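Between the sequences and the hints, there should be enough to build the whole structure, so can you do that?
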Amino acid sequence: MPQAIDRNDVRRLMTEGAQVVEVLPREEFEADHLPGAISLPLRGLETEAKEKLDPLRPVLVYCWDAA
Amino acid sequence: MYDYVDGKLDWLAAGLPTEGTNATRARAGDVARRDVPTCRLEEPIRAVRERAAAAGWDACVVVNHERVVLGLLRAEELRKGHEERVERVMRPGPSTFRPHMSIDEIAKFMVTHGLPNCPITTSDGRLVGLLRREDLESGRLRATFTAHG
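Chain order of the listed sequences is A and W.
Sequential numbering of the first sequence, starting at 10, is according to the numbering used here.
Sequential numbering of the second sequence, starting at 143, is according to the numbering used here.
Quick caveat, the hints were computed from the structure, so don't treat them as lab data.
These numbers were taken from a predicted model, which means no experiment stands behind them.
Yeah, the Cβ is synthetic: ideal placement off N, Cα and C, and Gly gets one too.
A short list of chain W residues far from chain A (calculated; beta carbon distances all over 10 Å):
{"#": "1", "residue": "T180"}
{"#": "2", "residue": "L183"}
{"#": "3", "residue": "R188"}
{"#": "4", "residue": "R193"}
{"#": "5", "residue": "A197"}
{"#": "6", "residue": "G198"}
{"#": "7", "residue": "A217"}
{"#": "8", "residue": "G223"}
{"#": "9", "residue": "H224"}
{"#": "10", "residue": "E226"}
{"#": "11", "residue": "E229"}
{"#": "12", "residue": "R233"}
{"#": "13", "residue": "T238"}
{"#": "14", "residue": "R240"}
{"#": "15", "residue": "G256"}
According to the in silico footprint, chain A covers these stretches of chain W (three or more CB under 8 Å from chain A):
{"#": "16", "region": "143–156"}
{"#": "17", "region": "162–175"}
Distance windows between CB atoms, simulated:
{"#": "18", "chain 1": "A", "residue 1": "P64", "chain 2": "W", "residue 2": "D266", "range": "28 to 38 Å"}
{"#": "19", "chain 1": "W", "residue 1": "D172", "chain 2": "A", "residue 2": "D15", "range": "21 to 31 Å"}
{"#": "20", "chain 1": "A", "residue 1": "A58", "chain 2": "W", "residue 2": "R230", "range": "49 to 59 Å"}
{"#": "21", "chain 1": "W", "residue 1": "E184", "chain 2": "A", "residue 2": "E60", "range": "51 to 61 Å"}
{"#": "22", "chain 1": "A", "residue 1": "R21", "chain 2": "W", "residue 2": "S244", "range": "26 to 36 Å"}
{"#": "23", "chain 1": "W", "residue 1": "P159", "chain 2": "A", "residue 2": "A75", "range": "15 to 25 Å"}
{"#": "24", "chain 1": "W", "residue 1": "E226", "chain 2": "A", "residue 2": "W73", "range": "38 to 48 Å"}
{"#": "25", "chain 1": "W", "residue 1": "G267", "chain 2": "A", "residue 2": "T24", "range": "23 to 33 Å"}
{"#": "26", "chain 1": "A", "residue 1": "M23", "chain 2": "W", "residue 2": "N206", "range": "27 to 37 Å"}
{"#": "27", "chain 1": "W", "residue 1": "E229", "chain 2": "A", "residue 2": "E25", "range": "36 to 46 Å"}
{"#": "28", "chain 1": "W", "residue 1": "A217", "chain 2": "A", "residue 2": "T56", "range": "52 to 62 Å"}
{"#": "29", "chain 1": "A", "residue 1": "D74", "chain 2": "W", "residue 2": "E226", "range": "35 to 45 Å"}
This is the structure we're talking about:
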């Protein structure tokens, strides 16, 4: 179960080398994303995550909002 | 695994940096004047008026101790009264905009409603700065503004 975090936690985790993952569609990622984030749209998340993420580093995911 | 529950909207609304094709577009948070004077509810309006004028401003944003916007003193409110507390003459709950919004959207709203300025705040209401119509009308932002004028 992912741990819910806020903006301050995000900034801290970024400095600690967390992998930041945006799960929104690619076009939305290309328009705006958090610094250093990678795009793993929800639809292909399971397969792409194994290829693109380092299992030894923390992973932080986000979408548009809490809704 | 961590879940940034409030997501990208929260990040943008806080005026934090982003990457991507929109990152170079002028946004409200980039254009807002961060040196706008601020005051508290309990201050006498005369002192605030003098302070704002000395700093070359005809507006002042009313905030609390956490810089959450409570009201706005535009030129017409700044002219009212002497020893009255700010809270008696201010414009309470002014329309505010988030830092990530495009100036195009806000310019349209300002023209439609005849507003000379609008506070830009984070999603939790903290003051970022004041977006002034005269700044939108001048320099590189002029094209955006006149498109709605």
